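J.: Take a look at the letters that make up each chain.
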Amino acid sequence: MKLIACTEGHSGKIEAFSLEMIAAARSLAQADDEVVAFFAGRDAEGASACLGAADRLIVACSTRLDVIPAEAYTLLLRDVVTAESPGLVLVPYSANGLDVAADIAARTGWPLISYVNEIKRHGESLTIVAQMYGGKILAECEVRLPAVLMINPGAFAAAVPDPIAAVNVQTIDAEPVLTSGKVKMVAIDMPDYADVDLTAADRIVCVGRGIGDEASIDLARNLATMLGAEIAGSRPVVDNGWLPKLRQVGKSGQKVKPKLYLALGVSGAPEHLEGMSQAELIIAVNTDPKAPIFNVAHYGATCDLFDLVANLSDRLRAGSGR
Amino acid sequence: MNILVVLRMIPDSAGELQLAEDGRSIDREWLDFQLNDFDDHALEEAILLKEACGAKVTAVAVGEGANRVLQMAAARGAEEVVALQSEEDAMISSREIAASIAAMARAKSADLVLCGVQSTEDVFGQLAPYVGALLDWPHVSGTNRIVANGAVLRVTQERGAGVAVTYELATPAVLGVQTASKAPRYVSGSKLREASKTPIGRATPELSGFERSAEIITLRLPVQGGSGENLGGNAETVADRLITILAAKGLARN
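Same order as they appear, the protein sequences are chains A and B.
Going by our numbering, the first sequence opens with residue 603, and the numbers climb by one from there.
Going by our numbering, the second sequence opens with residue 251, and the numbers climb by one from there.
Simulated from the structure, these hints should not be mistaken for laboratory data.
Bear in mind the structure is a predicted one, so any value in this text is a computation, not a measurement.
Treat the hints loosely; a few may be bogus.
With a cut-off of at most 20 angstroms between alpha-carbon atoms, the simulated EDC-like pairs for lysine to aspartate or glutamate come out as follows [stated by the list, open to error]:
#1 B:Lys432 - A:Glu816
#2 A:Lys784 - B:Asp361
#3 A:Lys861 - A:Glu816
#4 A:Lys722 - B:Glu465
#5 B:Lys432 - A:Asp815
#6 A:Lys861 - B:Asp339
#7 A:Lys892 - B:Glu338
#8 A:Lys847 - B:Asp287
#9 B:Lys300 - B:Asp277
#10 A:Lys786 - B:Asp361
#11 A:Lys857 - A:Asp791
#12 A:Lys786 - B:Glu301
#13 B:Lys441 - B:Glu330
#14 B:Lys499 - A:Glu816
#15 A:Lys892 - B:Glu266
#16 A:Lys892 - B:Glu330
#17 A:Lys786 - B:Glu465
#18 A:Lys892 - B:Asp262
#19 A:Lys892 - B:Glu371
#20 A:Lys784 - B:Asp386
Using the sequences and the accompanying hints, generate a full structural model.
T.: So this is what it looks like as structure tokens:
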């Protein structure tokens, strides 16, 4: 059986989760199986230089576009799936993967499981553990092959970056698909870190939905100032316009690794955990004792966050006056 | 432009979720159901597009409490509201409702289908790409800005880490909305009362074009709490303890 591991990258950097997709495929491959990595983009050399944990690499190469629209990625992958007849396609849960996985499943009629955390293979079927309800429930499903799986970043330890032998690299010209596709890329906006670079911050106070309203963010902001920390928010806070996008932590925001991460009223959806679970010290405050944020926190408290902010602020203020 | 926007009612996962006796579903008896956040943004984006270019917006809702949310959609500016019947006490599988949404898009000559980029029940995949594939229309997920110029859409997609990519595509299309260009608007009580007169259409589901992805063998709660230390629920005690912890690590003075 062939297992296709979908990989991504842009701006000369292969996404870290690419190596996780290969590792996941490798963990399921049996003796006669083949792990085939698929990459679409401009950095074919970068892919060849680090995706060597796969047996074979198929690169859909564009000399023009750094970021490949999901439509084009999917069209190219569809051709690969048709040609290779894999038993399993592993797609990262990424902005690109969201469009790719369901499209491939729809066109092939194969089953798709999203938010996958664990996979066990039993011959021609898999037992999958996937997240539901923002990580509050785990669903165990049995899936027959062939199938498409969308894997949570971080669910599998990454394969070791390693070059792949040139003889095992097959290159496809992506340009005809990019030219004929219905979705045309017209601009890429890279983040402007002039205001704040959360990825460089070593202390972060992050507010979640539990902060309640925009005005209350000032309380957390004052606490952050006293701690020498940057204020940040989870997706609902940013979506509500209470904090700017550059201050969002999570899958569609910034991936941070500070010395201190104080999460106030953050539930800890998988998308949020993906952005902050590598922090050195995580302190979570949430009145819901079952909030998933407590699964990654080093210290957790279930008190009212406003009471805590007030108490902490009083103590820090008193401490600074000594 | 005809816009079809999909509104899914899902369990409020901010509350406590209990497993049902069969071990394969959640106990829905005492659960609050709410509009999927991302679908709320899809509705807002639809109304913003209508205001910008004069589109007609049809809102289709599925799940428990659909009537209530459809009245809200009408109050926000949807011209037509339709409840898609769904199985009671069952999760909304995007894979299984995709055929119904695709059929409605065809029947209403929709130029654009909008839905939230995902829902917490999307264990079998996301709605926008399924509908896009069934209709063979281009689809883009994770959008946070949509601008229409006639039949041409400019769509901005979040790619993570602050990277945003803008695409151009022609209608018909399907878009999975991450965030609307503006936060979902507040609806006054008087508008809601007025909108309650809007007739709610009924639609019966189409047979799914797909086999079920899988049967759920069992649901379980994740192991809670990890290995972290529980500091309890008394704010004063927690604050004292945190100051000590932070001071020991050189992160604050005690």
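J.: Hints first: check each against the structure and report whether it holds.
T.: Results of checking the hints against the structure:
1. B:Lys432 - A:Glu816: 15 angstroms, holds
2. A:Lys784 - B:Asp361: Status holds; Cα separation ~15 angstroms.
3. A:Lys861 - A:Glu816: Given pair A:Lys861, A:Glu816 is violated - Cα atoms ~26 angstroms apart, limit 20 angstroms.
4. A:Lys722 - B:Glu465: 16 angstroms, holds
5. B:Lys432 - A:Asp815: OK: B:Lys432 and A:Asp815 at ~16 angstroms, within 20 angstroms.
6. A:Lys861 - B:Asp339: 44 angstroms, violated
7. A:Lys892 - B:Glu338: Outside the cut-off at roughly 26 angstroms; violated.
8. A:Lys847 - B:Asp287: 17 angstroms, holds
9. B:Lys300 - B:Asp277: 39 angstroms, violated
10. A:Lys786 - B:Asp361: Between A:Lys786 and B:Asp361 the Cα gap is close to 18 angstroms, so the pair holds against 20 angstroms.
11. A:Lys857 - A:Asp791: 18 angstroms, holds
12. A:Lys786 - B:Glu301: Not OK: A:Lys786 and B:Glu301 at ~25 angstroms, beyond 20 angstroms, violated.
13. B:Lys441 - B:Glu330: Between B:Lys441 and B:Glu330 the Cα gap is close to 16 angstroms, so the pair holds against 20 angstroms.
14. B:Lys499 - A:Glu816: 31 angstroms, violated
15. A:Lys892 - B:Glu266: 7 angstroms, holds
16. A:Lys892 - B:Glu330: Roughly 40 angstroms separates the two Cα atoms, so the pair is violated.
17. A:Lys786 - B:Glu465: 38 angstroms, violated
18. A:Lys892 - B:Asp262: 14 angstroms, holds
19. A:Lys892 - B:Glu371: Cα-Cα ~19 angstroms, so holds.
20. A:Lys784 - B:Asp386: 11 angstroms, holds
Comparing the model with each numbered hint stated earlier shows that hints 3, 6, 7, 9, 12, 14, 16 and 17 do not hold.
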